[in-house]
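S.K.: Based on the hints, put chain B in the right spot on chain A.
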Amino acid sequence: MLSLAIEAAFAMMSLALLFNLWRVVRGPDLPDRILALDTMYINTIALIVLYGVHEQSGFYFEAALLIAVMGFVGTVAVVKYLLRGDIVE
Amino acid sequence: MLVEIIVSLFLLIGAAFALIGSWGLVHLPDFYMRLHGPTKATTLGVGGMIVGSVIFFSTQGEGISLHELLITLFLFITAPVSAHMLAKAALHLQLERVEKTRDVARKNTSGPCGK
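Residue numbers (the working numbering), protein chains in the order written: chain A, 7 to 95; chain B, 759 to 873.
Isolated chain A (complex conformation) (with noise of 0.2 Å):
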């Protein structure tokens, strides 16, 4: 019961990464492209999560917060840029 959810919902994650991928490589303009990155890295979180409850093991959720926190700092520095022309003034 719990893994045919588990790898249901890995299929669901996986089609929305490729929604996402194809977004960041069509996307008319740079915040698209942001935006769509921004988004991937949020449902790698849900993705490393899932990953954790599948194998059982404590051990992902450092992972997961580490990269909320990096790509928090990734998305406000290239919009940064994209605002000022500079990230640190």
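To be clear, the hints were calculated from the coordinates, so they are not data collected in a lab.
From a predicted model like this one, the values you see are computed outputs, not experimental measurements.
Mixed in with the good hints, there may be bad ones.
Label-pair restraints from in silico Cβ distances [stated by the list, open to error]: (1) Asp-35(A) - Met-759(B): 46 to 56 Å; (2) Leu-767(B) - Val-94(A): 40 to 50 Å; (3) Leu-72(A) - Gly-821(B): 18 to 28 Å; (4) Gln-818(B) - Ala-69(A): 18 to 28 Å; (5) Arg-39(A) - Met-759(B): 36 to 46 Å.
For every residue, glycine included, the Cβ atom is placed at its ideal position computed from N, Cα and C.
M.R.: Chain B alone, transformed into the frame defined by chain A:
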């Protein structure tokens, strides 16, 4: 058995929300609409996933496991901030929009983005 059903339900709800948000990212017509889909749906998706994993690891016999909620807390704080900054960048670059996306700021003030 009941725990398995509840955990499966939460994992599937989370994955479904993430999938719907990403489909919105592909399908919606312009950037301001596309901003709407993933920033709401994916945080809910991660939220459902994390609630499922909290229930799963809390019933493994090692006591209540709440440190996963840190991820949810952090995402719920940071996702609106990054969405706001992306919207500001899109207004700054004056991206193309479809007619249905209303532009209230331009009607009320003289500046391009209400400044």
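S.K.: Could you see if the CB distance from Asp-35(A) to Met-759(B) stays within 46 to 56 Å?
M.R.: holds (50 Å)
S.K.: Using the beta carbons of Gln-818(B) and Ala-69(A), state whether their distance is inside 18 to 28 Å or not.
M.R.: holds (19 Å)
S.K.: Would you say the C-beta atoms of Leu-72(A) and Gly-821(B) sit inside 18 to 28 Å of each other?
M.R.: holds (24 Å)
S.K.: Would you say the C-beta atoms of Leu-767(B) and Val-94(A) sit inside 40 to 50 Å of each other?
M.R.: With Cβ atoms ~45 Å apart, the hint holds.
S.K.: Has the hinted range 36 to 46 Å been met by the Cβ atoms of Arg-39(A) and Met-759(B)?
M.R.: holds (45 Å)
Violated hints are absent here; each numbered hint is respected by the structure.
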